[in-house]
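Please take these sequences and the hints and turn them into a complete structure.
In my numbering, the protein residues as written are 826 to 966.
Since the hints were derived computationally from the structure, they do not count as laboratory data. Values in this document were obtained by computation on a predicted structure and should not be read as measured data. For glycine and all other residues, C-beta sits at the position ideal for the given N, C-alpha and C. Take these hints with a grain of salt, some might be off.
[Unchecked claim] Pairs of lysine to any residue, SDA-like flavour, derived with a Cα cap of 20 Å: (1) K956 <-> M845; (2) K956 <-> Q865; (3) K956 <-> P848; (4) K885 <-> S955; (5) K956 <-> Q927; (6) K885 <-> G857; (7) K885 <-> G867; (8) K885 <-> R914; (9) K956 <-> Q846; (10) K956 <-> G926; (11) K956 <-> G849; (12) K956 <-> A874; (13) K885 <-> D859; (14) K956 <-> S836; (15) K885 <-> S895; (16) K956 <-> D842; (17) K885 <-> E875; (18) K956 <-> E910; (19) K885 <-> Q907; (20) K956 <-> G857; (21) K956 <-> P839; (22) K885 <-> A874; (23) K885 <-> G916; (24) K956 <-> N851; (25) K885 <-> D908; (26) K956 <-> N843; (27) K956 <-> D908; (28) K885 <-> L858; (29) K885 <-> G860; (30) K956 <-> V880; (31) K885 <-> E910; (32) K885 <-> L904; (33) K885 <-> G926; (34) K885 <-> G909; (35) K956 <-> Y847.
[To be verified] Cβ pair distances, simulated, as ranges: (36) E940 <-> L858: 28 to 36 Å; (37) Q873 <-> G926: 16 to 24 Å; (38) P839 <-> G939: 28 to 36 Å; (39) E940 <-> S964: 29 to 37 Å; (40) S964 <-> E938: 32 to 40 Å.
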Amino acid sequence: LIRSKANIMSSWQPWVDNMMQYPGVNAAAIFGLDGSVWAQSGQCSPSQAEVQALVAGTGKSSAGEFSAFSFQGRRFMTLRLQDGEIDARSGPSSLSAMRTGQAVIVGGYLAEEGEQASMAGCQRVNFAASKIKEALTNSGY
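Right, dumping it as structure tokens:
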């Protein structure tokens, strides 16, 4: 019996739960390169179209090719896109998406309305997503 990696969601959830433990992260997910949801936190519920656009965006070569996108109904501006890694902002909200050979890891801080922006948010979500990316890449994913 061969099962798809995406269908074994319970084994992916601990990776997302781990990312949620990092300071400044309140939304996290792992998506397959086909846009399927492997695992996600309760605070992370983008539409299928948003996931597919973000996954496609990680395949672009520069922020000029993928300058903005929507995630959970918020419009994010791409600050950096390099080597399959996106850092983006939407007011005080920050999002990092990182592509591996088989998945896209997303870590974010989705701010409450009226909250002030902080550059520390971008750095924190980037750090959390990069640690999960590194671990999954080293495990062959």
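Here's how the hints hold up against the structure:
no., hint, result
1, K956 <-> M845, "12 Å, holds"
2, K956 <-> Q865, "16 Å, holds"
3, K956 <-> P848, "13 Å, holds"
4, K885 <-> S955, "18 Å, holds"
5, K956 <-> Q927, "16 Å, holds"
6, K885 <-> G857, "16 Å, holds"
7, K885 <-> G867, "28 Å, violated"
8, K885 <-> R914, "18 Å, holds"
9, K956 <-> Q846, "12 Å, holds"
10, K956 <-> G926, "15 Å, holds"
11, K956 <-> G849, "14 Å, holds"
12, K956 <-> A874, "26 Å, violated"
13, K885 <-> D859, "15 Å, holds"
14, K956 <-> S836, "18 Å, holds"
15, K885 <-> S895, "16 Å, holds"
16, K956 <-> D842, "13 Å, holds"
17, K885 <-> E875, "16 Å, holds"
18, K956 <-> E910, "13 Å, holds"
19, K885 <-> Q907, "8 Å, holds"
20, K956 <-> G857, "18 Å, holds"
21, K956 <-> P839, "14 Å, holds"
22, K885 <-> A874, "17 Å, holds"
23, K885 <-> G916, "23 Å, violated"
24, K956 <-> N851, "16 Å, holds"
25, K885 <-> D908, "9 Å, holds"
26, K956 <-> N843, "10 Å, holds"
27, K956 <-> D908, "15 Å, holds"
28, K885 <-> L858, "13 Å, holds"
29, K885 <-> G860, "16 Å, holds"
30, K956 <-> V880, "19 Å, holds"
31, K885 <-> E910, "9 Å, holds"
32, K885 <-> L904, "14 Å, holds"
33, K885 <-> G926, "14 Å, holds"
34, K885 <-> G909, "7 Å, holds"
35, K956 <-> Y847, "10 Å, holds"
36, E940 <-> L858: 28 to 36 Å, "32 Å, holds"
37, Q873 <-> G926: 16 to 24 Å, "22 Å, holds"
38, P839 <-> G939: 28 to 36 Å, "33 Å, holds"
39, E940 <-> S964: 29 to 37 Å, "35 Å, holds"
40, S964 <-> E938: 32 to 40 Å, "38 Å, holds"
The structure shown violates the earlier hints numbered 7, 12, 23.
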